[in-house]
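Engineer: One line per chain: the protein sequences are A and F, in this order.
If you count by my numbering, then the first sequence holds residues 4 to 292, one letter each, in order.
If you count by my numbering, then the second sequence holds residues 83 to 384, one letter each, in order.
Keep in mind that the hints were calculated from the coordinates and are not lab data.
Warning: the hint list may mix true and false statements.
What the hints assert, rightly or not - Examples of chain A residues toward chain F, derived with CB under 7 angstroms:
1. L19
2. I23
3. V26
4. P29
5. A148
6. F152
Model, not experiment: these values are computed from the prediction.
Glycine included, every Cβ here is placed at the ideal spot set by N, Cα and C.
Listed below, chain by chain, are the residues.
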Amino acid sequence: MLRRFSLFELFNSLFLLLLIALVVLPFGYIFAVSFSAPSESLAGTFYLIPKEWNTDAYKYLFSTSRFTGAIANTVFLTVVGTAVNMAVSITLAYAVSKKTLPGRNFMLMAIFFTMIFHSGLIPQYLLVKSLGLINTYGALILVGATNAFTIMVMKTFFQGLPESLDEAARIDGAGEVRILLRVVLPLSMPILATFSLFFMVGHWNEFFNAIIYLNDTSKWPVQPLLRQMVIIGSSNIASEGAMEQELEASLGPNVKMAAILVAMAPLVAIYPFLQKYFAKGALLGSVKE
Amino acid sequence: MSAATTRKRIYKHRFFYLLAIPGLAYFALFHYVPMWGLLLSFQDYSPYLGFLKSPWVGLDHFERFFSNQDFVRLLINTLMLSFYGLIVYFPFTIALALLMNEVRWKLYRKLAQTVLYLPHFVSWVIIAGMTIIFFGPSGIVNQFLEQWFGRTVPFLMSNEWFRPMMVLQAIWKDAGWGTIIFMAALAGINPELYEAAKVDGAGRLRNIWHITLPGIKSTIVILALLRLGSSFDSNFLQIFLMSNNLNMEVSDVFDLYVYRVGLLQGNYSFAIAVGLFKSVASIILVLAANYAAKKLGEDGIF
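Here chain F stands alone, though its shape is the one from the complex (with noise of 0.2 angstroms):
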């Protein structure tokens, strides 16, 4: 195609240009822009000397994040986190959204719908505060364990409850609102292959292990694919919320850790090494788990 009937169609594309300027705008200002920053890990950066007079440093601040204590222990808590949100957080979700399915009555189901999607809808700073009025030390649930056991435990303030209330956590706020994207899939389940299966005689779990959990498998193997694809995130604003001196060994993680050494403590170029790290360690895993995807036989994200 010659310079001029590209010019051409630009000019007769104009107005698309010009919608697409502010989202443009956007994506090059608040995405790529900061990427420069990440040179900063390099550095020894000092906001007084700027970013053309900070000595460089090259590898040291990741060399010593790798050797340093901190970082197993992150590696450990952040994985973990993520490892218990895939095992149990998403079947719980797969199996809400299969039992949902499995109601007659529609306007029961609508309802628990709605309801189960409520604490979606509430901040997580509510979901904190509530956590911390019924789990707290001298919450509900500890008053009536006091009273009926004569002993509390500790569901906020130790080490072993950490993780298992998150997940809680997760489930109660959004297992509802994650059986939406297994609701359509359910839906788009032929109904002829249980009307074949039910003159064939089959029970519900049988349509369940023939029919509808091979209906979905696309839905699930792909979700949970993007799960494993991103075990390096967490999710900073439950944790940010949860997290206190008495918790901190399991429930420090990368992004909790970027955040205070980075932003608390002022240690730029430190936190913004440990955010590349992190990073890129993500964006492996996601090509790991999109080359995964299509050795199944499903569809990549790209």
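One chain only, chain A, in its complex shape (with noise of 0.2 angstroms):
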């Protein structure tokens, strides 16, 4: 790293320098201000470290059943939502993938179709209320179980696995489900990885579906919640069907910027950890047969 830094060099690691500040420093005013005593919080201005440390935002939502409920919720819903989903789109896309099926080409242009048009939110909405499915989490897990993108990706990634790994386990007398399990998920995991991921995200981000299928806001996930609580503002959690007769506080800005680290805190812990499988950006490249 002795090496003669250019004048160009320099400026775009500064210019980079600048982009990182600008997504690190927000969050860092945020934790700030979580951790901080109310009265501190209120005043409104920029700050990073605050001047008395101060855990009462933290220890007021997780005493609210309001808040551990929702948070509670978005657990259920990230490890079904995600263990339904990679199940129906593995079987099919790997179902898909074998080229000797018959009426393959078929199901493939059905399932390509879907990615370009869509009926629309009104009929989904009426579809799911026909199925009873209003006001359950069977609506929020049922509805984008898969997608045509993911049934692509998976499917082009099992076709280009050898054959002769298949025809080895074959020989050996391994059935279809063995070869599934025991030959084709083992060196999925790239993709089974970065797949997970994308639906854990989903399904943690959850909002619009769940404010639109769930009428009882008890059952609503975080984000929702979340939303009452930061954006739409005033009300107090602690007070709608109360069942805690905590502190009366109104939520002061530490107590939001708590709820928002505590919101985010999971996927932000998981994602660098998975970031070798998508970061190569390889499965994108190999939609492209």
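The two chains are supplied separately, each in an independent frame; assemble them into the complex guided by the hints.
Structural biologist: Here it is as structure tokens:
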């Protein structure tokens, strides 16, 4: 690194540093305010270190059944939802990756068509309603159980695996199930890791489907509740459907910030570890046959 | 191929058909069955009367929609936002990928990538919340402006600032993530080209112009065309969260309109008609974009 740095490289590095700062500083502020005493947080000026560290906001949040309930709902939705996503996607993609499957082309066209034509929000809503899934998590888990993009990419990947492995396993007497589970899936870890992450992010951040399909606000996952707290602003989560008689604090900025951090923490903690799988962009390139 | 052979082949593949059932059932039920709902746009559908008894009105809703002054406003709003995305967000992402590619110190580049991916994983609710915290009427930025310039700027509560704010939000959230596909394309450029250029005495700018950009031309063209093809689509969630009475004139887009008129006001038939128009317009645009890609010598998406 003792090479000559050109002026361009210096400016480039500084520019990237600026972008990094633009991403990190806002979260730094949110972090600081969340650990501030209510009075300090109200001041509204920008700072990164609170005068006095104070965990009141977090204590309050985790004492309300509203917030902890929403987190629990979100965890449930993410775990079950992602499991369903992966199960439905892998099975269909693997089946459709077999070039000798009769009717395969028709299936692929039908799947691909859904990528360019959508019947729209209202027909989907009416369908969910007629299935009796309104106000249930079934709506959130089944709608979007899989999608054309996922199927296409997974299919291409499965097709790229050497057939010789299949055949070797068959000669050894393995049935199709075993081939899928013991040969194909272990080799597919990069793809599986990437899509699991995508699905998890989708479920954890689920907002819109939750507000249109869940009438009962106690069933809400964390994002709609967060919107209520941070954007619509004035609602006091302890008083709606109050079950806890906690501090009669109305929501100070420190509580809102704490809520934001808790809501984003799990995903932010996970993605760097899976970065090597999705950052290659290889999976996107694999869509072209 | 005779029927008997086909049946035999189907039996041979029975395991795979079984595997495919959940996925196929999903697509059939959640993508194709709702298409029947599109018929409701030709009716005056009332949930009480149901599909069989609601009166048929043909193209009434469509006529009403096109002659409504809302239509032009929605069209302009939707297309303008897509246009802003195409001319600001899209080139910015490409430039960012190029700049990151020029960083020689691998660790710094990886760090920059990791940090810049972060906002992608944060929900739109949080992004909107943060935007309000920082750019709201009494937010940090306005407090700063008030102190130093004596005036505040209605970033979130005016028509003029809505489109710029939408683009800035999109860049903050997804520009980093958007570089992924370009980084992959950049990695695919033959290094020998750069070496040959170095021998010929080419500088950095020349390299970029003659080697790098042509090297990722296919990717750029395809992505640009895909973007154009989805001009009638909007980032519904982003607009839903940031739209309010004071910026409604520019923030009302097709998707938001369908939600409001259909789900909130219960005007199902009309909303479905609007949605159908949008879907048909979109598919025409995508086909046109695909055709254009092929004409330019690139692979289309199909």
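Engineer: Evaluate each hint against the coordinates.
Structural biologist: Now the hints, each set against the structure:
no., hint, result
1, L19, "holds, 5 angstroms"
2, I23, "holds, 5 angstroms"
3, V26, "holds, 6 angstroms"
4, P29, "holds, 6 angstroms"
5, A148, "holds, 5 angstroms"
6, F152, "violated, 11 angstroms"
The structure fails to meet hint 6 from the earlier list, while all remaining hints are met.
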